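Visitor: Required output: the full structure, derived from the provided sequences and hints.
Number of protein chains: 2
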Amino acid sequence: MKRIAIDMDGVIADYLSKQLALFNRDHNENITVEDLKGKKLIELRPHLKDEIMNYLKEPSFFRDLEVMKDSQEVIKELSEHYEIFITTAAMEFPTSFTAKYEWLREHFSFLNDMNFVFCGDKSIINADYLIDDNVRHFKRFSGQGILFTSPHNVYETGYVRVNNWQEVRDYFLK
Amino acid sequence: MKRIAIDMDGVIADYLSKQLALFNRDHNENITVEDLKGKKLIELRPHLKDEIMNYLKEPSFFRDLEVMKDSQEVIKELSEHYEIFITTAAMEFPTSFTAKYEWLREHFSFLNDMNFVFCGDKSIINADYLIDDNVRHFKRFSGQGILFTSPHNVYETGYVRVNNWQEVRDYFLK
Numbered sequence: 001m002k003r004i005a006i007d008m009d010g011v012i013a014d015y016l017s018k019q020l021a022l023f024n025r026d027h028n029e030n031i032t033v034e035d036l037k038g039k040k041l042i043e044l045r046p047h048l049k050d051e052i053m054n055y056l057k058e059p060s061f062f063r064d065l066e067v068m069k070d071s072q073e074v075i076k077e078l079s080e081h082y083e084i085f086i087t088t089a090a091m092e093f094p095t096s097f098t099a100k101y102e103w104l105r106e107h108f109s110f111l112n113d114m115n116f117v118f119c120g121d122k123s124i125i126n127a128d129y130l131i132d133d134n135v136r137h138f139k140r141f142s143g144q145g146i147l148f149t150s151p152h153n154v155y156e157t158g159y160v161r162v163n164n165w166q167e168v169r170d171y172f173l174k
Numbered sequence: 001m002k003r004i005a006i007d008m009d010g011v012i013a014d015y016l017s018k019q020l021a022l023f024n025r026d027h028n029e030n031i032t033v034e035d036l037k038g039k040k041l042i043e044l045r046p047h048l049k050d051e052i053m054n055y056l057k058e059p060s061f062f063r064d065l066e067v068m069k070d071s072q073e074v075i076k077e078l079s080e081h082y083e084i085f086i087t088t089a090a091m092e093f094p095t096s097f098t099a100k101y102e103w104l105r106e107h108f109s110f111l112n113d114m115n116f117v118f119c120g121d122k123s124i125i126n127a128d129y130l131i132d133d134n135v136r137h138f139k140r141f142s143g144q145g146i147l148f149t150s151p152h153n154v155y156e157t158g159y160v161r162v163n164n165w166q167e168v169r170d171y172f173l174k
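Protein sequence lines, in the order shown, are assigned to chains A and B. The opening residue of the first sequence carries number 1 in the UniProt record's numbering; numbering runs sequentially from there. The opening residue of the second sequence carries number 1 in the UniProt record's numbering; numbering runs sequentially from there.
Hints in this document: simulated from the structure, not taken from any laboratory. On a predicted model such as this, the values are computed, not experimentally measured, just so you know.
No distinction is drawn between identical chains; accordingly, a pair holds when it is met within one copy or between any pair of copies.
Under the rule of at most 30 Å between Cα atoms (straight-line distance), these lysine-lysine pairs were calculated in the BS3-like manner:
(1) 76 <-> 139
(2) 2 <-> 139
(3) 40 <-> 18
(4) 39 <-> 69
(5) 69 <-> 57
(6) 69 <-> 37
(7) 18 <-> 37
(8) 2 <-> 69
(9) 57 <-> 40
(10) 49 <-> 37
(11) 2 <-> 174
(12) 49 <-> 18
Guide: The following block contains the structure:
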């Protein structure tokens, strides 16, 4: 059975909507997802980098994120044909471990928690495929990287790209 | 550069001494490491399994464990010749994430925390070597398993075995 490793933030968990909402509220701004094409919020507002990162360091930030559209249904279907691992770069936000674990248990309860991986450098992941929104994780990944579209990565080229979970489904099951 | 993945509990962190001390205190027993040859404490006292496991589920249990003799010095030396990752089956004790992370930061501060991996099923680990005290992790591991001696595994045969960190040093650097 081939194995698919799946990133959390920006792929199954919508951190961006919450980050933007908090930022706009606290700074009286109206930045939209459109404004973030090709960049992350910290690149758009570099002088506020610390404040932006602090949202993500808040222990409960990741606990109530929205689930990305169709990800539950498609991953459930994929899990009948592939071994599924959730591989998240949690070491960047060590305060988030518990929230991320609880979120996965709540929204992806059909997965075995022995298949959750909290890591940093994803070159440690032994899988046939890695679905991720950050191209840096593909550099030393031994399998096939699949770039999940997120505003910040829309101008990246040279990668297999999927724009949503229906396209993931088509890639693996068609 | 070849990569060595290293388990925490029973390999760099001495959970057994603390577990035994707590158990002996609470149950007025005098079980020694000698009594645990070939078995774990839950196999020696199966009717107390829940209580024994509860020690490990206590969020701070892993925070103040003793460092296994010579592990710091040898890993520091190995890190000059190999890529080192710490790979711990933390999903078995999700309450332990923070304590484990902080313990690693305290005692192995010379390692990059991007090389810490909290996982369950270690077949996800992409490394050339895995030093571990549980043979079950070698079953589907793609590299070379190296069994680190612990009382519970002394009767396991058919594995490359190291009895202490000086033997790890000899294996990799001689």
